[in-house]
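Asks: Chains as they are written, first to last, in UniProt numbering: chain A, 1 to 345; chain B, 1 to 106; chain C, 1 to 338.
These are computed hints drawn from the structure, not numbers from a lab.
Glycine residues also receive a C-beta, built at the ideal position from the N, C-alpha and C atoms.
There may be inaccurate statements among the hints.
Part of the chain B face toward chain C, derived, beta carbon under 10 Å [what the hints assert, rightly or not]: (1) D10; (2) E13; (3) L15; (4) V16; (5) E17; (6) T43; (7) R97; (8) R98; (9) V99; (10) L101; (11) R102; (12) P103; (13) P104; (14) E106.
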Amino acid sequence: MSAPRPADPHPETTGTASPALLRDFYRTMLTARLLDEEAVALQRQGVFPAYVSLRGQEAAQVGSAAALDRDHDFAFPTYREMAVALALDVDMVGYLASHRALWHGGLYDPMRSRFAPINAVVGGPVPHAVGWALGERLRGDPGCAIAYFGDGASSEGDVHEAMNFAAVFAAPVVFFCQNNQWALSVPNDRQVAGGSIAARAAGYGMPGVTVDGNDVVAVHAAVREALERARSGAGPSVIEARTYRLGPHSTSDDPGRYRDPDEERRWRERDPIARLRAVLERDGHADTAFFEEAEREAGEQAIRIRDGVSSAPPPGGEEMFTHVYREPTEALRAQQRAWREEAEL
Amino acid sequence: MAEQTFALPDLGEGLVEATVLEWLVRPGERVERNQPLVELETTKSAVEIPSPCSGTVVRLHASEEETLRVGAALVTFEVDSAAGIVGTVPGGERPTRRVRLRPPAE
Amino acid sequence: MTELSIAEEPVPAPARGPSMQQAINLALEKVLEEDPTTLVFGEDVGRLGGVFRVTDGLQRRFGAERVFDTPLAESGIVGLAVGLAMNGWRPIPELQFDGFAYPALDQIVNQMARMHYRSRGTAPMPITLRLPSFGGIQAPEHHGESLEALFAHVPGLKVCAPSDPADAYRLLLQSVRADDPVIYMEPKARYWDRGPAELAEPTEPIGSSRVVRPGRHATLVAWGAMVHRCLQVADLAAEDGVDLEVVDLRWLKPIDADGLAASVARTRRAVVVHEAPLTAGLGAEVAALITERTFGDLLAPVQRVTGFDVPYPAGPLEPQYLPTLDRVLLAVQRTLEA
Ligand SMILES: Cc1ncc(C[n+]2csc(CCOP(=O)(O)OP(=O)(O)O)c2C)c(N)n1
Ligand SMILES: [Mg+2]
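Make a model of the complete structure from these sequences and hints.
Replies: In structure tokens, the structure reads:
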């Protein structure tokens, strides 16, 4: 598998970043792409019951994650933020364990990773980012929260409530919407009244910007600026990264039923990885040797993670009971004993 | 060298069967892991199944247009190493029991 | 121990009647046809035809005014249904998965369930809320929940859960034609299995249970996918010379207390089986109803076999959480020994 090459490379980017940072972006985005392909294959091979591909959203995810302060900030993902996890050095076997249905929230340590458990409730985690951020402000600590959510999620009451709360409390939070044009089968024009999620920020009295979500440099710059603002005490902001879900909603989905293959083709031509490669080549920041090396390393890492998650031991049945409470009830302990007796029949 | 049979997995949230649209490999053919094997159709969509291992195709267990239950054998490989097929295939086994009942005295 | 298999047995020769998912589709088609005030809406139910294809083809047939996609907001979906109902429509909203009924609970409980009462009987509320429910399909989190006890506890709601295609068809027609809000819970694990039965109009009133297998030694009570589990148990028990009756409750509110009592008065032993957690589950209600009515006949306390008091677990733990054949058999044995 080699990195995609663009028909129309759109090599322009709106910001600047150091060549070393650009090369880092490239390596992470490519690893995410190859790992994503392995994950889709694992579903077809019966190893994962289901998987949600982020193909096409690598720039939005890697660019935003790279702007975070790894010691102080905290990310609240949905179920599609695999490349964010990768960019934040989350244990990826533990991350993908969620897709192998070993543990719903994943088997990584979310508190140490500063990356909340995978969350499948659309819109649900967005208010958590506000609460987390308020907690930093109350304690006088410098951390900011970033809430990831989709265009579909922007319709949920929780998201609107979270934005209003954040502005009322001047919480250091960045609302980062990946507008990938589709919420399962529903397109933007049937989802987002007014056509812009960024524009809603004005109603809540905070800045809102739209960025080209397939331009990793632009995404990175926008998130960095929003974080600086939040960290300085100036409060929350909204970033809408316009991107595209190149694959089906999930491995159980068939987009042929609702969207035009021409649209998919047009967005494939704006592939964020191919675009970054074109910039690196144009500016002489990377040579053939770099791309070959990046390809090899990304492939090896993807296979290592794939094999790791494929062979990870499933949690034992005891774990159904042990994580329900910090202070378990006697009634639950009794159920656990009954379960064990039956298991040991 | 060992033979390994790959069973039809549940391709999406509780589906119970799938229909073979087209085989993309022939018996005797060498395949690499993730090489497309077969195109299947489910109630939800058409999907291409990538090979779960590297090896040689020994047998195809269904003909084109045939409908298979989840858990039924799909293809048998002779594999280079026994690693490769992992995970579980739901729906294949009969329900098992260990408890025996004693009927009440009547 | 040897790993318990809870896999459904491979159906030897698949029955060729409609699957449950098709039966519900046909019932929706029928009510859309017979009543021009019916409306079908929810997330992805229109163009896509629903994630389980339950609404497949309906938008094409009845148009995007009567079968439509909504923005992604469950509370909004149910609130919309309440307003439409007050304005003379008969809404049939879908919430995509059980776990996403939680974001709509306020509109379900505080609004839909009591608008009729609040308005002193003047506001009509003929809503059928379709909810793909229960577990057993190795799905992601929030796709395996059993909310029936929650709904059954709410005054003003009626609740049902079919177990096979023929009943799915009948119960949906009943629910839509009823003038009160009904939560219609669809067992996802049974969507694709076909039944041999013809689809027919309902003949019994709302709130009637049915005996799906007659027997004399004990009564198993279940609903949704657990009816199938109980039929498997009854087959195994028969090998041991124990003759079990299986009652499909179908309606979880109102519950057929007379039907339950009639069965248990004959068998004198009862085991209730559900996927939901034990504590304050519907099994407690069933056990109380049986005990109140047949206390003198009972040879043993009513047994409950349920999920545990834990969040619904992921894939490989699912079979350990759901009532296994052995757990049900052990409960039967306890009633036989008492
Ligand atoms: C509260 C809730 N409702 C419904 C769903 C089912 N569902 C899962 S993803 C999805 C679409 C989400 O679209 P969007 O927010 O745009 O995110 P994307 O999938 O495009 O990343 C739906 C309807 C859910 N997971 N949570
Ligand atoms: Mg989207």
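Asks: Against this structure, judge whether each hint is valid.
Replies: Cross-check of the supplied hints:
1. D10: With Cβ-Cβ at 7 Å, under 10 Å, it holds.
2. E13: holds, 5 Å
3. L15: With Cβ-Cβ at 6 Å, under 10 Å, it holds.
4. V16: holds, 4 Å
5. E17: holds, 7 Å
6. T43: This hint holds: B/T43 lies near chain C, its Cβ roughly 6 Å from the closest one there, short of 10 Å.
7. R97: holds, 5 Å
8. R98: holds, 6 Å
9. V99: holds, 4 Å
10. L101: holds, 4 Å
11. R102: This hint holds: B/R102 lies near chain C, its Cβ roughly 7 Å from the closest one there, short of 10 Å.
12. P103: Since the shortest Cβ distance to chain C is 4 Å, the answer is holds.
13. P104: holds, 5 Å
14. E106: Interface hint status for B/E106: holds (9 Å vs cutoff 10 Å).
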